[in-house]
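Asks: Based on the sequences and whatever the hints tell you, model everything.
Spelled out, the chains give:
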Amino acid sequence: GAVVSQHPSWVICKSGTSVKIECRSLDFQATTMFWYRQFPKQSLMLMATSNEGSKATYEQGVEKDKFLINHASLTLSTLTVTSAHPEDSSFYICSARDEEELSTNEKLFFGSGTQLSVL
Amino acid sequence: GESVGLHLPTLSVQEGDNSIINCAYSNSASDYFIWYKQESGKGPQFIIDIRSNMDKRQGQRVTVLLNKTVKHLSLQIAATQPGDSAVYFCAESKSGSARQLTFGSGTQLTVLP
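These protein sequences, in sequence, are chains P and W.
At position 46 of the first sequence the residue is numbered 46 (the numbering used here), and the sequence of numbers has no breaks.
At position 90 of the second sequence the residue is numbered 90 (the numbering used here), and the sequence of numbers has no breaks.
Only pairs whose alpha carbons sit at most 20 Å apart, straight line, appear in this in silico EDC-like list of lysine to aspartate or glutamate:
#1 Lys-41/P <-> Asp-84/W
#2 Lys-56/W <-> Glu-106/P
#3 Lys-107/P <-> Asp-55/W
#4 Lys-20/P <-> Glu-52/P
#5 Lys-41/P <-> Glu-39/W
Treat the hints as calculated values from the structure; they're not laboratory data.
Replies: Below, the structure written as structure tokens:
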């Protein structure tokens with residue numbers, strides 16, 4: 001199946017700094033990628049839809065200036081948490097689907113996630 | 001305001017028994033459903049999916065049942081193994097731009113030796 005690579009797996013940073021998380025589709029192209037956030041023992045909450053070559057679409061309540069998304073190529077989307085604070089500590093997960101197989105394969109493939117801890 | 005943490009529903013089964021994990025979905029317009037398994041500290045892994053024109057689909061040791069009348073989805077795992085211990089999420093989507101997935105609350109499955 002399609003592979004989505006996410007990096008880093010975990011990051012610890014000081015309050016006020018910015019953190020960049022990368023999401024790559026390794027063996028397929030993805031014009032659309034999705035970023036989720038997950039708190040302990042909770043479900044995945046969609047934060048934004050990343051669109052290659054255009055602006056991301058953010059879900060209600062997600063600050064676009066806080067969570068910067070860049071999707072500059074067909075295989076790479078990045079999420080930058082700007083001026084991170086302890087309440088931004090969470091598990092961030094990206095996902096994508098193989099768009100060449102959309103007619104027969106709609107499943108989303110997920111990265112391994114990034115655990116962000118802001119001190 | 002203060003946020004209250006949700007507690008995942010839990011299911012404990014003996015190794016070798018069958019497991020049934022249930023999910024109620026919310027959108028009657030959803031036409032695609034999918035089950036994921038998530039182990040601690042990892043991203044969700046695809047298990048099985050089903051379209052709304054079907055009511056049952058089988059995979060290896062897993063079966064998904066869809067009841068559109070009551071908007072209910074279930075995942076059956078046969079001969080549950082210790083490696084099946086994880087959180088299981090159902091998700092739904094409907095046709096349209098981007099086909100975003102909406103996740104259910106999840107169920108923690110624990111397999112007892």
